[in-house]
Amino acid sequence: MTKTALVLGGGGARCAFAIGVVRYLQQHHPDKSFDIVCGTSTGSLIALLTAINDAALAEKIFTANVTQDFFSTNHAIQRLANNQLSLYNIIPLLHKVNAIVTEERFRQLMAAPRELYIATRSLQTGSNIYFSNRESNGNGYTVKKLNDVHMLRDAMVASFMQPAFMPPIDITGEGEPLQQLTDGGGPLYAPVKLAIDRGATDIYVVLHTPVAQEEYPMQFKNLVDVLERTMDWGTINMSEGDIAVPTVYNHSLRYLEAIQHRLQAAGVPSDTIRQCFDIPEAAPFRKKKILNLHVIRPDTPVTAGMGGLEFINRAIRNMITDGEAKARQVLGSQEN
Numbered sequence: 001m002t003k004t005a006l007v008l009g010g011g012g013a014r015c016a017f018a019i020g021v022v023r024y025l026q027q028h029h030p031d032k033s034f035d036i037v038c039g040t041s042t043g044s045l046i047a048l049l050t051a052i053n054d055a056a057l058a059e060k061i062f063t064a065n066v067t068q069d070f071f072s073t074n075h076a077i078q079r080l081a082n083n084q085l086s087l088y089n090i091i092p093l094l095h096k097v098n099a100i101v102t103e104e105r106f107r108q109l110m111a112a113p114r115e116l117y118i119a120t121r122s123l124q125t126g127s128n129i130y131f132s133n134r135e136s137n138g139n140g141y142t143v144k145k146l147n148d149v150h151m152l153r154d155a156m157v158a159s160f161m162q163p164a165f166m167p168p169i170d171i172t173g174e175g176e177p178l179q180q181l182t183d184g185g186g187p188l189y190a191p192v193k194l195a196i197d198r199g200a201t202d203i204y205v206v207l208h209t210p211v212a213q214e215e216y217p218m219q220f221k222n223l224v225d226v227l228e229r230t231m232d233w234g235t236i237n238m239s240e241g242d243i244a245v246p247t248v249y250n251h252s253l254r255y256l257e258a259i260q261h262r263l264q265a266a267g268v269p270s271d272t273i274r275q276c277f278d279i280p281e282a283a284p285f286r287k288k289k290i291l292n293l294h295v296i297r298p299d300t301p302v303t304a305g306m307g308g309l310e311f312i313n314r315a316i317r318n319m320i321t322d323g324e325a326k327a328r329q330v331l332g333s334q335e336n
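Going letter by letter, the sequence shown gives residues 1 to 336 in our numbering.
Calculated directly from the structure, the hints in this document are not laboratory data. Beta carbons: idealized from backbone N, C-alpha and C, even for Gly. One thing to keep in mind: the hints can contain errors.
Below, in silico cross-link-like pairs of lysine to aspartate or glutamate (DMTMM-like), each with a Cα-Cα straight-line distance of 20 Å or less [claimed, not checked]:
| no. | residue 1 | residue 2 |
| --- | --- | --- |
| 1 | 287 | 257 |
| 2 | 288 | 170 |
| 3 | 32 | 54 |
| 4 | 32 | 324 |
| 5 | 289 | 35 |
| 6 | 193 | 240 |
| 7 | 145 | 240 |
| 8 | 288 | 202 |
| 9 | 144 | 174 |
| 10 | 96 | 148 |
| 11 | 145 | 174 |
| 12 | 326 | 202 |
| 13 | 221 | 197 |
| 14 | 96 | 240 |
| 15 | 60 | 31 |
| 16 | 288 | 278 |
| 17 | 289 | 278 |
| 18 | 3 | 197 |
| 19 | 326 | 214 |
| 20 | 144 | 197 |
| 21 | 326 | 299 |
| 22 | 289 | 324 |
| 23 | 145 | 135 |
| 24 | 3 | 135 |
| 25 | 289 | 214 |
| 26 | 193 | 35 |
| 27 | 32 | 202 |
| 28 | 287 | 299 |
| 29 | 145 | 176 |
| 30 | 3 | 202 |
DEER-style ranges, computed between Cβ atoms [unchecked claim]:
| no. | residue 1 | residue 2 | range |
| --- | --- | --- | --- |
| 31 | 274 | 201 | 20 to 28 Å |
| 32 | 32 | 223 | 25 to 33 Å |
| 33 | 265 | 321 | 45 to 53 Å |
| 34 | 28 | 295 | 39 to 47 Å |
| 35 | 57 | 272 | 54 to 62 Å |
| 36 | 223 | 290 | 42 to 50 Å |
| 37 | 317 | 68 | 14 to 22 Å |
| 38 | 199 | 312 | 38 to 46 Å |
Hey, can you work out the whole structure from these sequences and the hints?
Structure (structure tokens):
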């Protein structure tokens with residue numbers, strides 16, 4: 001049976017683009033039921049609500065709140081001078097997450113047929129740690145099953161945390177080494193690999209930046225701007241190889257399949273063809289399957305500011321509209 005996955009890149013307010021993509025899918029492909037949903041940063045909230053069939057709430061949250069409803073930027077320099085763990089105060093975000101991630105929604109998640117994976121990264125090890133409603137063995141990453149609503153809240157807050165601007169979240173299990181966790185996005189974030197490991201062959205990838213990196217023709221004159229610019233490089237989206245490698249495998253598998261068809265058409269016996277392609281010591285494509293990989297990303301930079309920390313109502317609505325339009329363009333062309 002084909003498994004379908006939705007994987008979301010990071011990017012703070014930029015993740016509003018994904019809300020439009022999900023809205024398009026639900027309105028025009030109501031039969032599309034994702035078996036696996038993975039997200040990081042504010043994309044983890046969209047992933048959670050999608051997993052419990054409440055994605056419409058994500059749009060309400062994004063459009064009804066502004067930057068100050070998530071974190072306070074006041075006294076940043078004083079916090080830096082006092083050796084705080086972050087420039088910004090995240091108490092508003094903690095209240096927001098506690099209100100959204102209720103006991104009832106936790107129960108819905110644990111009973112849901114979908115697998116949810118919330119991505120974080122450990123400051124101690126530098127590796128990705130995913131929190132899930134399922135038991136799972138990681139392949140180059142760690143998966144922890146959610147025990148209760150408090151763990152789900154902590155995982156989501158940790159996934160939101162942009163280093164330096166927001167503090168790491170301590171999620172250390174009993175008898176385990178210290179783990180301070182932050183946003184799981186960036187060059188080590190490989191949700192496509194995770195989805196493939198979990199058996200997905202139909203994968204929808206939503207990225208929140210265009211192929212061409214956004215440029216800022218300005219002189220950087222303060223610490224915050226420099227941090228926001230460099231943070232973008234470290235936390236937005238996901239590993240480019242996570243998308244590139246499956247694409248290469250797809251091309252290679254189709255090429256090998258075409259060669260086999262040519263040999264059959266030329267009259268080469270099926271047993272001979274099978275023996276030629278069955279070389280255990282040199283079989284990089286053994287057990288590999290052709291994937292349906294749908295990559296949806298904006299053509300131009302979305303309006304979320306450097307670092308993606310600007311939640312502005314009009315800009316959020318525009319990003320949602322852009323996400324819906326891009327999904328229609330990409331998926332509509334694939335259907336024709």
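Evaluation of the provided hints:
This hinted pair checks out: residue 287 and residue 257 have alpha carbons roughly 14 Å apart, not beyond 20 Å. Using a Cα cut-off of 20 Å, the hinted pair residue 288 and residue 170 is violated, with the two alpha carbons roughly 38 Å apart. Using a Cα cut-off of 20 Å, the hinted pair residue 32 and residue 54 holds, with the two alpha carbons roughly 15 Å apart. As the CA atoms of residue 32 and residue 324 are separated by approximately 16 Å, the hinted pair is consistent with the 20 Å bound.
Taking the CA atoms of residue 289 and residue 35, the gap is near 18 Å; set against the 20 Å cutoff, the hint holds. A C-alpha spacing of about 12 Å is found between residue 193 and residue 240, which places the hinted pair at or below 20 Å, so the restraint holds. Restraint check for residue 145 and residue 240: the C-alpha separation of about 27 Å exceeds 20 Å, so the hint is violated. Between residue 288 and residue 202 the alpha-carbon distance is near 14 Å, which keeps this suggested pair within the 20 Å criterion.
With a CA separation close to 13 Å, the supplied pair residue 144 and residue 174 stays within the 20 Å bound. Distance check on the hinted pair: residue 96 and residue 148 sit about 18 Å apart at the alpha-carbon level, within 20 Å; holds. A C-alpha spacing of about 14 Å is found between residue 145 and residue 174, which places the hinted pair at or below 20 Å, so the restraint holds. In summary, the hint linking residue 326 to residue 202 is supported, as the alpha carbons are separated by about 19 Å, within the 20 Å threshold.
With a C-alpha separation of about 45 Å, the suggested pair residue 221 and residue 197 falls outside the 20 Å cut-off, and the hint is violated. Taken as a hint, the residue 96 and residue 240 pair is broken in the structure, with Cα atoms around 32 Å apart against an allowance of 20 Å. The hinted pair formed by residue 60 and residue 31 fails the criterion: a straight-line CA distance of about 23 Å is larger than 20 Å. Pair hint residue 288 plus residue 278 holds up; C-alpha atoms about 13 Å apart against a cutoff of 20 Å.
Restraint check for residue 289 and residue 278: satisfied, since their Cα atoms lie roughly 16 Å apart, inside the 20 Å limit. Distance hint between residue 3 and residue 197 is fulfilled; the C-alpha atoms sit about 11 Å from each other, no more than 20 Å. Under the criterion of a C-alpha separation no larger than 20 Å, the hint pairing residue 326 with residue 214 is consistent with the structure, at around 18 Å. Proposed proximity of residue 144 and residue 197 is supported: the alpha carbons are some 16 Å apart, at most 20 Å.
The suggested pairing of residue 326 with residue 299 holds, with an alpha-carbon distance near 8 Å, which does not exceed 20 Å. A hinted pair counts as satisfied when its Cα atoms are at most 20 Å apart, and residue 289 with residue 324 does not qualify at roughly 29 Å. Straight-line distance between C-alpha atoms of residue 145 and residue 135 comes to about 6 Å, which keeps the hinted pair within the 20 Å bound. For the hint linking residue 3 to residue 135, the alpha-carbon distance of about 17 Å falls within 20 Å, and the restraint holds.
For the proposed pair residue 289 and residue 214, the alpha carbon gap of about 34 Å is over 20 Å, so the pair is violated. The hinted pair formed by residue 193 and residue 35 meets the criterion: a straight-line CA distance of about 15 Å does not exceed 20 Å. Proposed proximity of residue 32 and residue 202 is supported: the alpha carbons are some 11 Å apart, at most 20 Å. Pair hint residue 287 plus residue 299 does not hold up; C-alpha atoms about 35 Å apart against a cutoff of 20 Å.
Restraint check: the Cα-Cα separation between residue 145 and residue 176 comes to about 15 Å, which is no more than 20 Å; the hinted pair holds. Taking the CA atoms of residue 3 and residue 202, the gap is near 6 Å; set against the 20 Å cutoff, the hint holds. In this structure the supplied range 20 to 28 Å holds for residue 274 paired with residue 201, their Cβ-Cβ distance being about 23 Å. A hinted range of 25 to 33 Å for the beta carbons of residue 32 and residue 223 is inconsistent with their spacing of about 44 Å.
In this structure the hint that residue 265 and residue 321 lie 45 to 53 Å apart at CB holds, the actual value being about 49 Å. Remark: the range hint 39 to 47 Å for residue 28 to residue 295 is contradicted by a beta-carbon distance near 18 Å. Taking 54 to 62 Å as the suggested C-beta distance range, the pair residue 57 and residue 272 conforms, at roughly 58 Å. Remark: the range hint 42 to 50 Å for residue 223 to residue 290 is upheld by a beta-carbon distance near 48 Å.
Our hint of 14 to 22 Å for residue 317 and residue 68 holds, since their Cβ atoms are close to 18 Å apart. Between residue 199 and residue 312 the CB atoms are about 40 Å apart, so this pair conforms to the stated range of 38 to 46 Å.
Against the hints set out earlier in the document, violations occur for numbers 2, 7, 13, 14, 15, 22, 25, 28, 32 and 34.
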